[in-house]
Every structure is written in C-alpha cells, then in structure tokens.
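A.B. asks: Heads up: the protein sequence lines correspond to chains A and B, in order.
Reminder that position 101 of the first sequence reads as 101 in the numbering used here, one-by-one numbering, no gaps.
Reminder that position 100 of the second sequence reads as 100 in the numbering used here, one-by-one numbering, no gaps.
Heads up, some of the hints might be wrong.
What the hints assert, rightly or not - Over 12 Å on every C-beta distance to chain B, these chain A residues come out as not near it, computed from the model:
| no. | residue |
| --- | --- |
| 1 | THR27 |
| 2 | LEU134 |
| 3 | PRO147 |
| 4 | ALA206 |
| 5 | ASN237 |
| 6 | ILE243 |
| 7 | MET300 |
Unchecked claim - Partial chain B-side listing against chain A, Cβ under 7 Å, derived:
| no. | residue |
| --- | --- |
| 8 | GLN78 |
| 9 | GLU93 |
| 10 | MET116 |
Just so you know, these hints were derived from the structure itself, not from any lab.
Predicted model, so just to flag it, every value in this text is computed and none were measured.
All C-beta atoms in this analysis are idealised placements derived from N, C-alpha and C, irrespective of residue type, glycine included.
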Amino acid sequence: MTLTRKNGLLYLAILAGLIVLPSFISTKYYIHLSVLALIWVIVAQGQNLIQGFTGYVSIAQAGFMGIGAYGTALLGLNFGLPVWLTILSAPLITALFALVAGYPSLRVKGHYFAIVTLAFNMVIFIVLLNLTDLTNGEAGLMGIPKPGAGKDGAINFADRTTYYYFVLIAATGVTALTALIVNSRLGRVLVAIRQNETLVGAAGLAAWKYKLFAFVVSAMFAGFAGALYAHYQSFINPEIFTIAQSMDAVLAVILGGSGTITGPIIGAFAIVFLPEYLRFADSFRLVIYGLILILATIFMPRGIVGLASDALGLLKKRRAR
Amino acid sequence: MDLALDVRDLGKTFGGVKALDGLSFGIARGEVMGLIGPNGSGKSTTVNTLAGVFPATSGEIRLRGKPVHHLPEYARVQAGLTRTFQTASVFPEFTVREQVLLGAEPARTRRGVWSMLRSGARMEPELRGRLDEILQLTGLADLADTRIEEVSAADQRFLMIATALAADPAVILLDEPAAGMVSHERDRLSHLILALGARGHAVLVIEHHMSLIMKVCDRITVLNFGEKIAEGTPREIRSDQRVVDAYLGEAA
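With these hints in hand, go ahead and build the complete structure from the sequences.
C.D. replies: Structure (structure tokens):
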C-alpha cells in the first residue's frame, strides 16, 4: 500500500470534514462524543499497527491508556509539572511498561499473545484499583488540570470545541506517523510478519525486534490518548481502563478496516457513536451492539473501508460496461 | 580446500532419539552437494539444524571458516547461510519483487533507524540491478509485479530460491526444491541449481528425485538413521552397495 494521489485526496477530504465538523454540531454532547472519538482514533491507530499490520491482536490498549492517563495526572498533581510536559511524558512512561510487558509476551503467537496481553491489562487495572496511596483507588483522581492558562489564557482549553481542535491536531499527527511507519521499509517488515513470520526469520530479520517496536509504539499511542483523555475529563478512575475498553480498540480496527489508515478513524467514530444511537433499545443495547459486531466480522471481514472500496470497484465496473 | 560450509561431528537428539549422529561434511565454494536418504534418515533435521531453527546437540558448523552454530536463525542468514522450505513459503500479499526485496534486507548497505523509516519501495540503485538479475536468473522477471497469491505453485518455489539468493549468501540450503514439480519445471530447476554453483554459491540440495540429484550434484552425501553411510560423486554413489541396500534399491 503506497501513498497514491487518490489516497492522499481521501485523507485530505477526511481531515477537511473533521475540521468543519464542529460548526455543523449544535448539541454540546455531540462535540463531547467527537472529542472522545478523536482520542479513540489515536488508540485505534496504535491498535492497528500491532493488530492490523503486524498481525498480533493485543488486548491491552486500555491498560496502556490508563498508564498514560495516571502518569500525566500524577506527575501534574504531585510534582506540579506543566501540563504540556506531563502529556509528552505519558507515552514515554507507557513505553517503559510496554517494553517490559512486550518482551516476554511476544514470544507467543495468536490467541496466546492475546491472552497474555489481556492478563497484563487486568494487572494494570488491579494495581490502579489497589495502589490507593498513589492512585486513590476506586474514587480516582480529580482536578486534573487543563492545558494552557485557563479561561484567561490565549487558548481556552476548557472550551470543548477548542479541545476538539487540540485533539484533532494530535490525532492527525499520530495518523501521519502511522502512515509513515507502515509505508516505510520497517513497515514492510511488519506486514511481512503478519503474512509469514517463519519466512521473515529465514530472510535474516530478527522478527522479535520489529514486533517489539510495533507493540511499544502502539502502547505509546494509547498512553498519549490516555493523557489527552485525562486532561479533557479532569477526572479518571480505574473503571475506564478495563478489558472492555481494550476490546473496543480491537473492534474499532475490525469494524473500520484492519491494515488500512482510514479504517481506524472510521472505526473509532463507530465505537463511540454506535452505542449512543443504540440507546433507544435500552437494555437490549448491548445485544444489538454484539449482533452488529458479529455480522460485521462475518459479512465485511475487511471492515467498512474494505466494503466501501469493493462497492466503488463494482460501481466502476458497471460504468465501464 | 577453502570450504564455504564445514560441518563437523554434528549431532541432534530429540528426547532420547538420535536424529543426527556425528555428521561431518564440507561444501566448497561453487559446489553442489546432494543430501539423500530414506524418510526419517535425518535430512530435514540436518537442514533445520544448519539453518538454526533448533540448536545442535553437539558438533560444529562453520561458515567461511567462522563458527555459526551458536547463532540464532536470522544471524546465520546475515552471516551468509540461507534456505528454502519443503512447502512453498511466501508472503501472499506481496508482489514477487517485494518479497525478493525483503530477502535482500541482510545484504542492504543502508541501515540504521532513519533509512528504515524511508519509503519501503525505495532501494539502493545497485540493489535494484542485482534484484533484476536474480529475477531474470530464476525466470521470474515477467512476474516481478504480480501478487504472489496469483503466482503458480512452481513459480512460488522458484521465488523461494530467488528470496534466498537476494541476501547474497555463501551457502544455500534447498529443502526438496522439486517437490510437486512436473518434468519441464524440474528441468528449469536443474538449470537454476547448476547456475547457482556457477555463480559461486555453495549449494546443499535435499531431494528425493534421483535423476535431478544425479544431474546437478558434484558430490552426494547419503544419510541413514542419522548417520552418514556414504559420500562421493553421483557415479560412486550409484554403485555403492550400502546406498543401494538402504535407499536406492535395485531399480537405480
């Protein structure tokens, strides 16, 4: 997959759409959801790097978000460090944890890898819950400061629309970085690992180094997203960093389109907005949610992006005739 | 003699089973060596032990004089030993050229973090020329930009050889390269193997197809129950009574 002109135009169109989006939304709640969706774009791009491109399904992204969120919050609350510094430290702190978790767990493949990462997510959750001296346990951390100088500053980050653009810049940067990685020589190796890891070894490449790279970078994205979340909500507790949220990251990639750049963007918006639109179904909400996901994996294994490109291809064929 | 591959007293046991016992042989630069023997005689174990898929229990493996038996698989490739597999092993979503390019990674001159982050399609000009030559040699030039899943099974087997060649190895291990091939594909293969020798690679061929082995090999090593029972030119092997008894049978 190279960066063709057509792809470039598509990316620009999506970016333009996201730039003008807030002016079409009058309900504040939808701006709020859009901010969350953009934060999830960052998580999903990371998930896609390890799951979609490298072929290792990790179920630990929410745990890494938690590390990033608590990292930035605790650095700010305990040491009074400026917000921009703690946000930038969050992915680095997460990277350390990912290195330690990834080195042993990347020795196993397939379902085993998924289970090891899932266990790691549970460990993070349990530690956040029980290390009460540091994390304040179930009650969580409150009063996490916003970036900038508050209402009097040049930019008022307390304003939702402002924060939306702040996160949009971050999500664009992360997406561009992902595109750079997957189109690079290194990215070719990741895609090769997904297709045939044995042959990668026989081609003289130490697959574990590349897998560890993808795993650590994906965790850094999640840690960064967690930090953006913490400063947006000003409140975090362990509840939001459980396996259920990690599964959301997995689903965002599957639903949007695994191994594509646009897929995780669409998938992230889907997993944030879909449950909202299913509210009318009340207690059946989760059942319908589950059903949609099962149907999606059966009938559109390449996600929404795959379905769309198939439809476009069909349309072109018709027109050609 | 200057040996490209020097195997001394190689042993491999699985649990209590001796799969290889005191195997020694050497292959010179430009030489094609055949490795034959009945099923279960230790041929595949030899390839996998040489390639570093699993460690040897005992013995030494030297590549251009340097010991490599302590190295992991990928490091042996970097040291100059590549292999193919019994069953076609490819990257189905890549094009033929993309796979061969990946095989060339160990031989690439531009390394380091920044060059790894540059476009995956970009390559050093001298490398492009070398890959074109390999594609030509293996008869894949016309398929260079075809997705591998659309390439025939036989061409996928030639692609494995092309990929193994891309690293510019001193030694190539061919594990049953003719499996599943029909006669004209076997002819193409035997020409290629002879060309590999002519290019200066040391080649080890494991094969059941005797006429191919007899045609391409300079020397043949025969295994039975993990031990070498004979080594010699194809003519010598054909008339060796132990080999006939153990493997070739009366027909040969």
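A.B. asks: Would you mind marking each hint as holding or not holding in the structure?
C.D. replies: Verification of the hints:
Chain B leaves THR27/A outside its interface by the beta-carbon criterion, the shortest separation being 42 Å against a cut-off of 12 Å. Separation of LEU134/A from chain B is adequate, the least Cβ-Cβ distance of about 35 Å exceeding the 12 Å criterion. The beta carbon of PRO147/A sits about 29 Å from the closest Cβ of chain B, which is more than 12 Å, so the claim that it is off the interface holds. Once the 12 Å rule is applied to beta carbons, ALA206/A is inconsistent with being away from chain B; the minimum gap is 5 Å.
The non-interface label for ASN237/A is consistent with chain B: the shortest C-beta to C-beta separation is roughly 38 Å, beyond 12 Å. The Cβ of ILE243/A lies farther than 12 Å from every Cβ of chain B, with a closest approach of about 31 Å, so its non-interface assignment holds. Chain B leaves MET300/A outside its interface by the beta-carbon criterion, the shortest separation being 18 Å against a cut-off of 12 Å. Among the interface hints, the one on GLN78/B holds; its C-beta lies about 5 Å from the nearest C-beta in chain A, closer than the 7 Å criterion.
Nearest Cβ of chain A to the Cβ of GLU93/B: about 6 Å, under the 7 Å cut. The hint holds. Hint status for MET116/B: holds, given a least beta-carbon distance of 4 Å to chain A, under 7 Å.
Taken one by one, the earlier hints fail for this structure only at number 4.
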